[in-house]
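Novice: Residue-level listing of the chains:
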Amino acid sequence: MNTMENDFSATRRLILKGAGALTLIGLGIVPLDVTKALAAANDKYPEEAFKQKSDADVIKTLYGKTAEPSEKVKMDAPEIAENGAVVPVSVTTTLADVTSIAFLVSENPNVLIAKYNIPAGTLPSVANRIKMAKTSNVTVLVEAGGKLYSAAKEVKVTVGGCGG
Amino acid sequence: MTIRRRDFLTLAGAATLSASLPRLARGADNAGVYDLERFGNARILHITDTHAQLRPVFFREPSVNLGVGPMQGNPPHLVGRAFLDRFGIRPDSADAYAFTCVEFEKAAGRFGKLGGFAHLKTLIDRLRSEVSSGRSLLLDGGDLWQGTGLANTMQGADMVDAANLLGIEAMTGHWEFTYGETVLRANLERFKGEFLAQNVYLTEEAAFNDAKAFDPASGRVFKPSIIKEIGGHRVAIIGQAFPYVPIAHPKRFTPDWKFGIRDEELQKLVDAHRNNDKVDAVILLSHNGMDVDLKLASRVTGIDVILGGHTHDAVPQPIAVTNAAGVTLVTNAGSNGKFLAVLDLELGKGKVKDVRYRLLPVFSELLRPDPAMQALIDKIREPQAALLNDKVGVADRLLYRRGNFSGSMDQLICDALLGELNVEIALSPGFRWGTTALAGQPLTMEDVLAQTAVTYPETYVQTMTGGQIKDVLEDICDNLFNADPYYQQGGDMVRVGGLHYTCTPAESVGKRISDLKLDNGRKLEAGKRYKVAGWASVNEQTGAPIWDVVVRHLRSGKPPNRSPPGVTLKGVEGNPGIAGHV
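Chains A and B, in that order, are what the protein sequence lines are. Each residue of the first sequence is one higher than the one before, counting from 1 in the UniProt record's numbering. Each residue of the second sequence is one higher than the one before, counting from 1 in the UniProt record's numbering.
Derived by calculation from the structure, the hints in this document are not laboratory data. If you're wondering where the values come from, they're calculated on a predicted model, not measured in any experiment. No residue lacks a Cβ here, since even glycine has one placed at the ideal position from N, Cα and C. Any given hint could turn out to be false.
What the hints assert, rightly or not - Taking lysine-lysine pairs in the DSS-like style, the calculated list, with each CA pair at most 27 Å apart, reads:
1) B:K106 with B:K391
2) B:K470 with A:K153
3) A:K153 with A:K131
4) A:K134 with B:K511
5) A:K153 with B:K251
6) A:K72 with A:K131
7) B:K268 with A:K153
8) B:K351 with B:K223
9) B:K470 with A:K131
10) A:K53 with B:K351
11) A:K134 with A:K44
12) A:K72 with B:K353
13) B:K353 with B:K278
14) B:K268 with B:K223
15) A:K134 with B:K251
16) B:K511 with A:K131
17) A:K134 with B:K528
18) A:K53 with A:K134
19) A:K153 with A:K134
20) A:K131 with B:K251
21) B:K511 with A:K153
22) B:K470 with A:K134
23) B:K268 with B:K228
24) A:K134 with B:K531
25) B:K192 with B:K228
26) A:K60 with A:K72
27) B:K351 with B:K391
28) A:K74 with B:K268
29) B:K353 with B:K228
30) A:K51 with A:K147
31) A:K134 with A:K60
Said to hold, decoys possible - Derived coverage of chain B by chain A (criterion: at least 3 residues anywhere in the stretch with Cβ under 8 Å from a Cβ of chain A; other residues may be distant):
32) 121 to 129
33) 234 to 248
34) 319 to 329
35) 485 to 494
Given only the sequences and the hints, what does the whole structure look like? Please build it.
Specialist: Here's what the structure looks like:
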């Protein structure tokens with residue numbers, strides 16, 4: 001019956017699961033020179049996208065095109081989070097030529113959680129844990145063959161309280 | 001207790017339902033209450049949510065059990081007369097007394113208590129002896145080990161003995177988990193049946209540290225299912241534990257385990273039983289709650305029957321749910337040992353050809369208690385009998401708990417919190433277990449513990465802002481009335497003392513609760529801090545256990561507070577889930 005602590009730290013806690021050859025560029029604490037190196041090695045660090053406050057603005061900034069919901073994007077997230085500080089959200093897809101996967105939490109102070117670049121030949125499967133401020137829609141974006149696809153689900157963050 | 005046997009003998013026989021045939025008329029006026037028409041080649045008996053009530057109880061069914069959206073007006077969200085009409089039960093009958101709150105006090109005097117494990121044992125043995133040996137099964141849907149002072153002190157060990165003697169062959173769990181892993185495993189070690197749960201997994205950390213699991217490869221902590229041979233046919237029984245254990249209860253009891261509904265994993269399991277094991281029937285023994293089961297039945301294919309519990313809905317007939325591959329029947333078998341469900345199946349090769357289902361009220365006055373079970377109960381209870389029998393007060397009015405928003409028993413608990421802990425506002429959890437006391441009945445320690453016996457009974461006093469209080473009410477209300485059952489937790493609304501509010505169940509989260517006021521009529525201010533007391537917090541607390549606070553209150557001799565509960569409902573006109581007022 002107690003309220004949950006809503007302390008939302010600026011640093012997102014991201015845990016990469018599995019040993020896939022994934023490139024994580026979503027960490028807001030990457031030092032500048034590494035950012036530059038990353039930018040040189042890959043596409044540019046999406047600094048602007050991480051500042052956006054709505055799904056639409058993130059998608060616009062990150063991809064510049066609209067996402068189309070797809071049943072081929074299989075997202076796994078709990079209906080009600082057991083712990084709002086570490087909500088497991090994962091995605092796999094049967095779409096071909098996946099180039100990136102991104103996670104969005106609409107109600108978080110900064111909507112974009114992470115964007116993973118998927119090198120050719122890598123299984124498009126990402127699992128991470130997300131810190132959620134409160135109940136929110138969680139959206140997964142999959143960029144494949146130059147197009148953008150999505151799946152979404154509401155994840156409830158509750159103060160608890162029981163029943164039967 | 002004056003008992004008129006004739007009242008029982010005219011009891012309408014039990015509801016009969018076939019997935020393929022229209023419902024048969026009720027009414028077996030000349031048959032004994034428990035003389036069932038023989039049907040099929042396999043009999044599955046199901047009890048659920050007995051909440052450790054070893055002895056017969058009074059239990060008033062709710063007068064408020066609202067459904068919103070597509071759930072409005074559909075079982076289980078029917079109460080009182082609407083319930084009787086929907087299921088063709090004669091008012092004034094023994095069935096009406098068992099299944100609804102209609103004229104509860106009058107009927108309680110006439111038909112007496114229900115349940116009790118010695119009475120259940122007699123009925124179960126009789127129904128099993130009617131079919132040939134090896135043609136029946138006894139299943140328990142969980143919440144077997146919690147709900148009494150005895151079970152709480154013995155950490156469920158008493159109920160393992162009772163379950164073994166009763167002959168329970170498989171069970172799943174909910175409150176069982178609140179004793180923690182060590183106690184749970186020690187109890188299961190002694191349990192002669194199987195504990196089944198397809199939806200409990202090791203956390204990644206626990207798996208990495210090689211924590212104990214039934215199947216380390218998948219991380220499944222418990223055996224998910226068993227296949228039972230019944231008269232040459234194979235029946236798969238899959239267990240579905242309460243999906244929200246670490247959310248509804250303190251996470252510290254189950255730090256290594258994660259739960260969830262997990263219908264994709266369930267579908268894989270059903271498919272494997274169908275395709276690889278070539279079973280003839282698949283039964284889900286579920287502690288999801290009825291609304292969750294109804295949704296699950298529409299999504300997961302290949303399950304013949306979901307034997308459900310958790311929401312304590314006594315539903316006389318199964319609800320048939322159509323899905324992509326056929327029909328799944330969904331049941332819910334009440335609580336507190338009041339009912340025994342009888343599922344008779346006509347099994348064929350690879351399929352269930354036909355079904356009969358009856359939810360039998362266990363009228364204690366009509367059943368001779370089984371001597372062996374009675375002896376066991378007496379033996380288990382004896383060391384604590386003096387403490388449990390201690391008279392701590394008298395029921396000044398009908399005291400019950402069940403209902404979406406309030407119950408007179410919870411008002412009493414809130415009054416105790418307000419008076420004894422000197423606060424402005426009291427909060428008490430909306431549990432659905434807890435027996436009923438008739439007006440004038442002495443209240444014993446056992447009665448108080450039947451409302452309060454949990455493994456985290458500590459009270460707390462803290463200050464909260466008006467905004468925080470509203471957020472808590474909104475949050476809990478959404479657990480009850482979210483339009484999507486998968487987001488519900490199956491409990492009732494938190495009970496409040498010292499506080500008044502208006503609730504609009506059909507609204508969305510954040511908009512259901514309005515017009516919050518204190519007892520003195522002052523508006524609750526969002527930014528102002530208030531002194532609040534409560535108990536059963538998911539966070540660790542250090543206050544006196546709630547039962548001590550309630551006993552202190554009862555012994556203080558303070559005049560009872562009979563003011564109506566401070567909840568006003570909006571938008572529920574015409575909803576058959578409410579009879580009378582809150």
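Novice: For a C-alpha distance cap of 27 Å, please report whether B:K351 and B:K391 respect it.
Specialist: violated (55 Å)
Novice: Are the Cα positions of B:K353 and B:K228 separated by 27 Å at most?
Specialist: holds (18 Å)
Novice: Hinted pair, alpha-carbon criterion (27 Å max): A:K134, B:K531. Please report holds or violated.
Specialist: holds (25 Å)
Novice: Quick one, are B:K470 and A:K131 close enough, alpha carbons at most 27 Å?
Specialist: Holds. B:K470 to A:K131 sits at ~24 Å (cutoff 27 Å).
Novice: Do the alpha carbons of A:K72 and A:K131 lie within 27 Å of each other, as the hint requires?
Specialist: holds (26 Å)
Novice: For the pair supplied as a hint, A:K134 and B:K511, is the alpha-carbon distance within the 27 Å limit?
Specialist: holds (16 Å)
Novice: CA of A:K134 to CA of B:K528, is that 27 Å or under?
Specialist: holds (23 Å)
Novice: Quickly compare the C-alpha distance for A:K53 and A:K134 to 27 Å and report which way the hint goes.
Specialist: holds (15 Å)
Novice: Next pair to validate is A:K53 with B:K351; report whether the Cα-Cα distance is within 27 Å.
Specialist: Violated - the C-alpha atoms of B:K351 and A:K53 are around 54 Å apart, more than 27 Å.
Novice: Going straight from one Cα to the other, do A:K134 and B:K251 come out at no more than 27 Å?
Specialist: Holds, at about 18 Å.
Novice: Next pair to validate is B:K192 with B:K228; report whether the Cα-Cα distance is within 27 Å.
Specialist: holds (15 Å)
Novice: Take the C-alpha atoms of A:K74 and B:K268, compute the straight-line distance between them, and say whether it is at most 27 Å.
Specialist: Holds, because 16 Å separates the two Cα atoms, which is no more than 27 Å.
Hint violations for this structure: numbers 10, 11, 12, 27, 32, 34, all remaining hints satisfied.
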